[in-house]
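There are 2 protein chains.
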Amino acid sequence: MNHLQTKTIDLRKGQPEAKQKEILDYFEKTWEIDEKLYTQLKSDEVFYHRGDPLRHVLIFYLGHTAVFFINKLLLAKLIDTRINPEFESMFAIGVDEMSWDDLNEKHYNWPSVDAVRDYRNKAKQVVTDVIHQAPLTLPITWDDPFWIIMMGIEHERIHLETSSVLIRQLPLEEVVSGLFGKICNEYGAAPQNELRPVSGATITLGKPFDHSLYGWDNEYGNYVEKVADFKASQMLVSNGEYFHFILDGGYHTQSYWTEEGWNWRTYKQAQMPLFWRSDGETYRLRLVAEEIAMPWNWPVEVNYLEAKAFCNWKSAKEGKSFRLPTEAEWIRLEDLCQVPDELEWHVAPGNINLEHVASPCPVDRFRMGDFYDVIGNVWQWTETPISGYPGFKVHLMYDDFSTPTFDGKHNLIKGGSWISTGNEATRHARYAFRRHFYQHAGFRYVESETPLVIDNDEYETDVEVANSCETNWGDTFATAPNFSQQIAQIIVEKLRKQTIRRVLDLNANTGRLAFELAAHFPDITALDFSARFIRMPIQLQEKGFMRYIVKDEGELVFYRDVVLSSTELDKGKNNILFMQADANNLKAIYSGYDLIIVSNLLEELRNPVLFLQHIHERVNEQGWLIITSTYEWSEQQTNRESWPGGFKQDGESVTSFEGIQAILDKHFTLEEPRFDIPLILRKSSRLTEQRLAEVSVWQKKQ
Amino acid sequence: MNHLQTKTIDLRKGQPEAKQKEILDYFEKTWEIDEKLYTQLKSDEVFYHRGDPLRHVLIFYLGHTAVFFINKLLLAKLIDTRINPEFESMFAIGVDEMSWDDLNEKHYNWPSVDAVRDYRNKAKQVVTDVIHQAPLTLPITWDDPFWIIMMGIEHERIHLETSSVLIRQLPLEEVVSGLFGKICNEYGAAPQNELRPVSGATITLGKPFDHSLYGWDNEYGNYVEKVADFKASQMLVSNGEYFHFILDGGYHTQSYWTEEGWNWRTYKQAQMPLFWRSDGETYRLRLVAEEIAMPWNWPVEVNYLEAKAFCNWKSAKEGKSFRLPTEAEWIRLEDLCQVPDELEWHVAPGNINLEHVASPCPVDRFRMGDFYDVIGNVWQWTETPISGYPGFKVHLMYDDFSTPTFDGKHNLIKGGSWISTGNEATRHARYAFRRHFYQHAGFRYVESETPLVIDNDEYETDVEVANSCETNWGDTFATAPNFSQQIAQIIVEKLRKQTIRRVLDLNANTGRLAFELAAHFPDITALDFSARFIRMPIQLQEKGFMRYIVKDEGELVFYRDVVLSSTELDKGKNNILFMQADANNLKAIYSGYDLIIVSNLLEELRNPVLFLQHIHERVNEQGWLIITSTYEWSEQQTNRESWPGGFKQDGESVTSFEGIQAILDKHFTLEEPRFDIPLILRKSSRLTEQRLAEVSVWQKKQ
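If you're matching them up, the sequences are chains V and L in order. Residue numbers 246 to 947, in the numbering used here, belong to the letters of the first sequence in order. Residue numbers 246 to 947, in the numbering used here, belong to the letters of the second sequence in order.
These aren't lab readings, by the way, just hints derived from the structure by calculation. Careful: at least some of the hints might be erroneous.
Said to hold, decoys possible - With a Cα cut of at most 27 Å, we get these calculated DSSO-like pairs of lysine-lysine: (1) V:K317 to L:K911; (2) L:K562 to V:K322; (3) V:K893 to L:K317; (4) L:K274 to L:K427; (5) V:K893 to L:K322; (6) V:K322 to L:K911; (7) V:K322 to L:K893; (8) L:K928 to V:K893; (9) L:K317 to L:K427; (10) L:K638 to L:K471; (11) V:K911 to L:K317; (12) L:K322 to V:K911; (13) L:K513 to L:K562; (14) V:K928 to L:K893; (15) L:K818 to L:K638.
Between the sequences and the hints, there should be enough to build the whole structure, so can you do that?
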């Protein structure tokens, strides 16, 4: 296997020609190692068996890594001809348990293994040609052809690992051992695990966009988190340590399990980890292609749900708070142990990158600082569901790699396993699986009194809210100046010489106007009728970012991340109080304002007339009232009798503005002239609505 | 009464100062004559009685003509203060049986007659001041202050007549005779009526916008109609002539009546005209303030429904086709008899303008050419429901004068009566009332074999159709070039050197594209799925104009008239065949086209994929296919499986265009580049939708 050892490529340093050769070599070795994996199947017939009822038969994965290359090269227009359209559809998708994965075998008529091998050979030639012919300039960045080549290679490396897990789930008699590297031969009793302190720190997560290594889109961005002091187990939990949990009835005590965990355990009738075997007295462990006597000093391999149950059991036993580390805690541990990154090591500091053995090894074999196995051996489950970091952008050539997992149901695993290579073995690697999923993964526990807060950073999909976010915060498609920005500019210019302290924004919506004003005025109250809407600016204020989905065409969407700090609007953010409130039934506390802004609100009220009749009560003397409205009254929203205008009265047209003026005249002086500002609401890439709002400025009489 | 004789004012000729005096004099006399009318009420108490259960009590009309002045002067900003806001609401509306007329007396607390008289005096002074102070330049046109003054005066003159009808409906003991001019004292047997021929001609209806007399908005425009030869009764139908119909059981024979007429007769249990009185043997006639022995030689006064029943009775008796004249036939008669217009006569040629008597007079008293009473005596019902002429524009200072009557339910009366003065006595006067309504109106019958075609020129109010009309034909609010016009330009430029004869527009909509193309190509088939839509361009093609309503704000609307000839698009109109058809299920005849245009249609089809798979069958070899689409698929419209794209397939995004191209590639060559054109859909004055359509051009392979 040694001749197949590789590292992922530095895409910044070096000479183009040499880099081309380096990438070709990386590609060829990846291809070879992938095919070598399947030599462990006893016969071609086994390709039509399933390792996991929720996964495809193995032939799919043999074809998939080749087909992926071709589909992406086509998409990137690096090639223009298909090799085999049927294969390129059949082998395209079916990796995660996604709704669009069709795993009904009746829908497939799998080809022969030889046909797939033949296809692979052709595909390999196509990729080789592309590597020879595509223009290579350094650095290689997101939009370069060679980024797509790297994408195909790193994709194949992921499947090297996930397919090995599927093979590990085949019946023993269907596999042949000894053909994919040597397994570890060090067995023994479990060593005593101990907690070691980890000092807290403020750490920055996220890979810079100019990083020298290939990365998946979810790795990029910038996220700062304060990690409190905690203690972590020195070693990964071994089979021996975990056995105590089993012996203590852990798999039969519901209280140790999360609800999701207990549902899984009950459904699966799990009694022990998936790869454990027992005759009731002795225990054995299934590896990829063999079964061995239980190596008690190797790390236990479990899913998140089991790892979590173990922690809860341990907490209950010891009266302390044990759990898995968060992503940030894991990074903190890695920092502290000064673990070198893939390109920095001469020999891997842990059981990783296929550099040592082709299986796990004892949990006390690879020491890094005060701890063992900070990387390598088996992946380590974390408490953190994956989501993009603030600033996350989808890579358009593989736009369903990450976002479908940003659903709160996929937890990050960190650190890599013995078979993690390429991107998987890098510091920034972020892979996530459903919590009941099996990989070559175990865990390290931490003890911490800091309450675990799991953010749900899902993309806002509520169409109205998301469209409002885009109107307020999106600029990608902007064809006209931002509405809230314009209103804010007008206010700031007009009231420059006034003493304005307290400002009330009565239609906060997704918050843009409030943030704009907060840079200029010290005290902003921003109210919205709907919690659906107001939670977005609150999230911006608290977390500094928010995310939403906007429609492209049909079912295709764009993912948007708004990072407050990148808009320069975070300066005054603490000047704003966002609250939910009904402008037609305001609490008394919302009074005494120097400026009240009623922005496109009247048309949303049940009773705009009543609102207008009383709004003077909340404005300070000589204070200001700014109204913007499209006068788009609808009877669903506003009783016909409560429209201020837009109808005939005594035979004459009463415009909405005339009606408003008639009410406000008693307490306010109108500043002429009024003017119009358009608000653009984007509903899809080809459908936008323009609302032309009239702006009127009123000053309260003395 | 002689000192109160007036004529409406020439608004073009003369000197400003003299004109001001002339108008003041006209105003003062109008005011005086109006008040004189009410001297016929026996006491002030009678002001609180109703002449007609569907009209207000009389006090309303005393106040109304004054309040109207003040409301209009305010609206026109000629004054800025109200005299009495309560009066100016209470006396504002309630003239026709409109949905917004509140005739529930419980909702009114009518003031004293003295208070109203006091108000009138104040109002008179305000108007007098305005006449003195407002700037007067000649000619006086629609937008001038003095147009509003004239509007108030002519409005008062209308009510002079309508109030006289209401007084005529009061109990005899509540009125005093002899105080409003002398009634005719010529009574006798009915003269023998005869039919006289009228030669047909092509006549032009509509008052030019630069006419020298004040006119209501419905008088203006331009409408050409071909009038066939017909015969008309020499005289109006007299009481004596009509009596035969009664004696013959006319009021009890349903077959003589229209459905609407019979419903009215049954509801009212009518046995004879409203103003006839009978003790079973003798007949008397109620005038405004007295009852006289039936003057058999005076014109009968009936509503349209009774007049029509008489014609049907007469047709049945004589086996000929009798009916009322159309508006155009009446004009033709007037032309033929060379009846002078109001400013042209020294003495009125008929019983009109209060110049002769204060009642009807014998039908054989005023001869004009071969006929009698072409104008004057009593109004003459026509078969024509009122609508605006092509080019009609609403006068914004009185925008509910005409349009509410353009509903097919208000028939025109022509010719004026003994009490018609001012505008009412002019050639162009067009007043219309519900067909069951009573005025000082009777009729002349015509005999004609030409089938009566009643156009329904209502304003299109179907929101989708009207908005489409505005998008295709409106330019008032246009903020971007017209979509259809742009497509047509592109087609004409691109295919300039091609031989294009037969063109198929598969989404005719409201027809703009077809009319644009018809100027360049000899044979256009324009199909639309919906009859709602296709009838609009068909109307344009057949009648040369169409009308629709677009939303301003709330319930306020704009009225739009499209006159094809004013757009220069009528040249090729006969090149177009408009038909209703389903593009997803086209008849075989729609084949053999040199050019097919699929404009924003795919997204409306049940099955765009099926459509695309077969469209090549309808294009000639080397012919063209032009597709524009927003790719806005909705599952309501199009089954998800029939979307050409806009979804993920095998893990990759398939755009709509890619899906379309995959289908068309076999038979068509794509012309690059594609490009975008925006289509602006105006939903109200402040709400527009922009649909950005992608245009792709395809040529059929040989």
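Status of the hints after comparison with the structure:
no. : hint             : result
1   : V:K317 to L:K911 : holds (24 Å)
2   : L:K562 to V:K322 : violated (87 Å)
3   : V:K893 to L:K317 : holds (14 Å)
4   : L:K274 to L:K427 : holds (18 Å)
5   : V:K893 to L:K322 : holds (18 Å)
6   : V:K322 to L:K911 : holds (21 Å)
7   : V:K322 to L:K893 : holds (18 Å)
8   : L:K928 to V:K893 : holds (20 Å)
9   : L:K317 to L:K427 : violated (34 Å)
10  : L:K638 to L:K471 : holds (24 Å)
11  : V:K911 to L:K317 : holds (24 Å)
12  : L:K322 to V:K911 : holds (21 Å)
13  : L:K513 to L:K562 : holds (26 Å)
14  : V:K928 to L:K893 : holds (20 Å)
15  : L:K818 to L:K638 : holds (24 Å)
The structure does not agree with the numbered hints 2, 9 stated previously, though it agrees with the rest.
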